[in-house]
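Each chain is listed here by its residues.
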Amino acid sequence: MTATTLTKEKGASPPPAASPAGRARRLRRRGRVVALLFVFPALLLLGALVVYPVLFSVGRSFFDASGTRFVGGDNYTEMFRDPATLKAIRNTTIWVVVAPALLTGLGLILAVLVEKVRWATAFKLLLFMPMAVSFLAAGIIFRLAYDEDPNKGVLNAAAVSVHDAFEGASSYPTARGRAERLTQDHDGSYVTVKAVSPGDTVALPMVGVLPKDLPKNAVPAYPAAGRKAAPGELRGVVYLDFTPGGGGTRDKVDRGESGLPGMKVEALSGGHTVASATTASDGSFHLTGLNAGSYTLKLPESNFAPPYQGISWLGPTLVTPAIIGAYLWIWTGFAMVLIGAGLATLPRDALEAARMDGANEWQIFRRITVPLLAPVLTVVFVTLVINVMKVFDLVYIIAPGPVQEDATVLATQMWLVSFGGGNNQGLGSALGVLLLLLVIPAMVFNVRRFRRSQR
Amino acid sequence: MNAVRRGLGNGLVQAFLVVIGLVWLTPLAGLFVSSLRSAQDTAKGGWWTALTGPGQLSFDNYSALLKNAGMTQAFWNTVLISVPATVLVVVIAALAGYAFAWLDFPLREPLFLLVVALLVVPVQIGLLPVAKLFGVLGLFGTIPGVVLFHVAYGLPFAVFLLRNYFAEMPKEMLEAARMDGGSEWRIFTRLVLPVGRPAIASLAIFQFLWVWNDMLVALLFADSSSQPLTVELQSQIRQFGSNIDVLAPGAFLSLVVPVAVFFAFQRHFVQGVMAGSVK
Numbered sequence: 004m005t006a007t008t009l010t011k012e013k014g015a016s017p018p019p020a021a022s023p024a025g026r027a028r029r030l031r032r033r034g035r036v037v038a039l040l041f042v043f044p045a046l047l048l049l050g051a052l053v054v055y056p057v058l059f060s061v062g063r064s065f066f067d068a069s070g071t072r073f074v075g076g077d078n079y080t081e082m083f084r085d086p087a088t089l090k091a092i093r094n095t096t097i098w099v100v101v102a103p104a105l106l107t108g109l110g111l112i113l114a115v116l117v118e119k120v121r122w123a124t125a126f127k128l129l130l131f132m133p134m135a136v137s138f139l140a141a142g143i144i145f146r147l148a149y150d151e152d153p154n155k156g157v158l159n160a161a162a163v164s165v166h167d168a169f170e171g172a173s174s175y176p177t178a179r180g181r182a183e184r185l186t187q188d189h190d191g192s193y194v195t196v197k198a199v200s201p202g203d204t205v206a207l208p209m210v211g212v213l214p215k216d217l218p219k220n221a222v223p224a225y226p227a228a229g230r231k232a233a234p235g236e237l238r239g240v241v242y243l244d245f246t247p248g249g250g251g252t253r254d255k256v257d258r259g260e261s262g263l264p265g266m267k268v269e270a271l272s273g274g275h276t277v278a279s280a281t282t283a284s285d286g287s288f289h290l291t292g293l294n295a296g297s298y299t300l301k302l303p304e305s306n307f308a309p310p311y312q313g314i315s316w317l318g319p320t321l322v323t324p325a326i327i328g329a330y331l332w333i334w335t336g337f338a339m340v341l342i343g344a345g346l347a348t349l350p351r352d353a354l355e356a357a358r359m360d361g362a363n364e365w366q367i368f369r370r371i372t373v374p375l376l377a378p379v380l381t382v383v384f385v386t387l388v389i390n391v392m393k394v395f396d397l398v399y400i401i402a403p404g405p406v407q408e409d410a411t412v413l414a415t416q417m418w419l420v421s422f423g424g425g426n427n428q429g430l431g432s433a434l435g436v437l438l439l440l441l442v443i444p445a446m447v448f449n450v451r452r453f454r455r456s457q458r
Numbered sequence: 058m059n060a061v062r063r064g065l066g067n068g069l070v071q072a073f074l075v076v077i078g079l080v081w082l083t084p085l086a087g088l089f090v091s092s093l094r095s096a097q098d099t100a101k102g103g104w105w106t107a108l109t110g111p112g113q114l115s116f117d118n119y120s121a122l123l124k125n126a127g128m129t130q131a132f133w134n135t136v137l138i139s140v141p142a143t144v145l146v147v148v149i150a151a152l153a154g155y156a157f158a159w160l161d162f163p164l165r166e167p168l169f170l171l172v173v174a175l176l177v178v179p180v181q182i183g184l185l186p187v188a189k190l191f192g193v194l195g196l197f198g199t200i201p202g203v204v205l206f207h208v209a210y211g212l213p214f215a216v217f218l219l220r221n222y223f224a225e226m227p228k229e230m231l232e233a234a235r236m237d238g239g240s241e242w243r244i245f246t247r248l249v250l251p252v253g254r255p256a257i258a259s260l261a262i263f264q265f266l267w268v269w270n271d272m273l274v275a276l277l278f279a280d281s282s283s284q285p286l287t288v289e290l291q292s293q294i295r296q297f298g299s300n301i302d303v304l305a306p307g308a309f310l311s312l313v314v315p316v317a318v319f320f321a322f323q324r325h326f327v328q329g330v331m332a333g334s335v336k
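For the record, the sequence lines run as chains A and B.
For the first sequence, my numbering gives the first residue as 4, with consecutive numbering after it.
For the second sequence, my numbering gives the first residue as 58, with consecutive numbering after it.
Since the hints were made in silico from the structure, they are not lab data.
Every value quoted in this text rests on a predicted model; they were computed, and no experiment measured them.
We treat Cβ as the ideally placed atom computed from N, Cα and C, and that holds for glycine.
Among the clues, some could well be false.
As the list claims (entries may be wrong) - Stretch by stretch, here's where chain A covers chain B in the computed footprint (C-beta under 8 Å, at least three residues):
id, segment
1, 112 to 126
2, 200 to 213
3, 260 to 271
4, 317 to 324
Said to hold, decoys possible - Computed list of lysine-lysine pairs in DSS-like fashion (alpha-carbon distance at most 27 Å, straight line):
id, chain 1, residue 1, chain 2, residue 2
5, A, K301, A, K231
6, A, K215, A, K255
7, A, K231, A, K267
8, A, K219, B, K101
9, A, K301, A, K267
10, A, K231, A, K197
11, A, K393, B, K189
12, A, K219, A, K301
13, A, K215, B, K101
The task is simple: from the sequences and hints, build the whole structure.
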């Protein structure tokens, strides 16, 4: 039918006196051909590499691993039975619940605050910059920052120094007390063998500390060991009963022997701690305000605890929060800039009027800014949810090999199942389809928003 | 009293933002300083020790990297993938965007709604079917294969962005050009492209960074001779800890280009990202 019309028209041409209507029709047809030529490359690529694969994956998800046997919905039920996939679903849920909300909140706070300083542009630029950094590079950056060794990872170095600032850094995990003077309790603390009374000067000998492990501020204990205690107080030293180079006397404070600084000392009476002190750089301590009577001195177990090693960021429990942290580094700038752009469009009069009425900054923020920004916040939130569902590279790079299965999300699981050893392309396709189903609400949201904007 | 309070509040805000800024800067500074330290120094202590002992720093790692044939090849592959993938997306999307905005053809509206719907399709769903297709076409494991995949998955956003931008052009402008007897091609190259330059610039920068930074697509579609920097570095992740003198400079090299592009074209980039916030 079409063909005949075409030949007929061809036969009729060239029309020496074509009617204006015919000319218009011909022009229109030519216009359509040109238009199709314009859209053809895009439609071809979209059809072959996006639409066809979606349909293929949906179909493939109903077949088994090798693709030869139709298994119906088995891959989908398998998904909710296989522990690794369940873990991926659980982790993706954590991501979706936590990351977009945190990012939107943080972005909102920063967008409001940054308006109050003069260097707002520089700050926005700095926070936005990670958007230009690849997930791979960001992954390496944070793998480095999260390193468990406090001598490598900056976060654990910070954690250890904060911890040591509050809890005291000096500890002597290898130290032991001389049995003549000190006995070890089951909890690892040491108590004096003989009871002591106020007015005494006590020397507490320790061994088992290598000279190189001594704190840098340690000085010889000899001068302090000779000091007499006044009534009502106890003096003494905790020292390393070892003379470098040999020649010292056992259980005596020799001239070259070092004090042990930073050692906690407690005075016990009837099982209760009544006074405590920490040794100075020469190992001396000084307990005051004691009533007459007999006391036991105790070196609590905290002195002998192994040094604090920081937090196991990339261990099985913290790995997902840690990776979300890296994600915040990348995306906070995006949320802040987008919300900031929304902020700039708010009606100044409304804010001014509220200020005139005596509303404080918090009330303005809570009652005016946030409600007016709601549409922008929604767009930011939805965008982040879509992106978070597809997160792949960061998890793949940051989670160390053995922890990979604790950190796994849908996208990484889909990869592992299809290509990374699993080789079950049926289940892999089903996971891909699940990912697609999860973003369909966003798809509908976009299409609706677009159609509304066209009216 | 109120002024004092406000001044104090502002001081707190400034302090808070300075802290946040430092927190944001530190990981990047850590990578850069790490990239300048030898393997021995890295084994001895954290990168921050170099701040008090700058003698540790040298560009030796970078010169070693430039002599590493695998790395330089990967760097060129990244360029050979990103540049064509950007140019092709811009050209194909500009053609289609113009047609969707101003030309008449059957199914124009439903086809464009399809494009809008495709905006959020996850790349993951295309991996397996396209891999099979490319296997048949002989494109699997080649740079053109990687490029085509990126172009296809960049198109929905690109067409969406450009169509919307072109649609804002005044109708009279186009009609005048048509009256003058210009062909559609002529109108497209002489009028539409110049007018659309801001949107095209945003798109180009956005797409370039997207492709340059990609790892997932190349991980599957590139073989060892066509793999970009991201995949080359990823293959060394397994020995993480012992090879920071290779990984850190490599990662820094891979981020220098996009960050430079970002600072050079920040306005366009921010606009592109904001327009792409539906993706």
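Hints, verified against the model:
1. By the rule of at least three residues with a Cβ nearer than 8 Å to a Cβ of chain A, the coverage given for the segment 112 to 126 of chain B is violated, with 0 such residues.
2. Counting residues of the segment 200 to 213 of chain B whose beta carbon lies closer than 8 Å to any beta carbon of chain A gives 7, which meets the minimum of three for the stated coverage.
3. For the segment 260 to 271 of chain B, the assignment as covered by chain A holds, since 4 residues bring a beta-carbon within under 8 Å of that chain's beta-carbons and 3 suffice.
4. Counting residues of the segment 317 to 324 of chain B whose CB falls under 8 Å from any CB of chain A gives 4; the rule of at least 3 is met.
5. Between the alpha carbons of K301 (chain A) and K231 (chain A) the distance comes to roughly 20 Å, so the proposed pair stays at or under 27 Å and holds.
6. Proposed proximity of K215 (chain A) and K255 (chain A) is supported: the alpha carbons are some 22 Å apart, at most 27 Å.
7. Distance restraint check for K231 (chain A) and K267 (chain A): the Cα-Cα separation of roughly 21 Å lies within the 27 Å cut-off, and the hinted pair is therefore satisfied.
8. Only pairs whose Cα atoms come within 27 Å are accepted, and K219 (chain A) paired with K101 (chain B) is accepted, the gap being roughly 19 Å.
9. Simply put, K301 (chain A) and K267 (chain A) have alpha-carbon atoms about 8 Å apart, close enough for the 27 Å limit, and the pair holds.
10. Between K231 (chain A) and K197 (chain A) the alpha-carbon distance is near 19 Å, which keeps this suggested pair within the 27 Å criterion.
11. Pair hint K393 (chain A) plus K189 (chain B) holds up; C-alpha atoms about 22 Å apart against a cutoff of 27 Å.
12. A hinted pair counts as satisfied when its Cα atoms are at most 27 Å apart, and K219 (chain A) with K301 (chain A) qualifies at roughly 24 Å.
13. Simply put, K215 (chain A) and K101 (chain B) have alpha-carbon atoms about 17 Å apart, close enough for the 27 Å limit, and the pair holds.
Violated hints amount to a single one, hint 1; each of the other numbered hints is respected by the structure.
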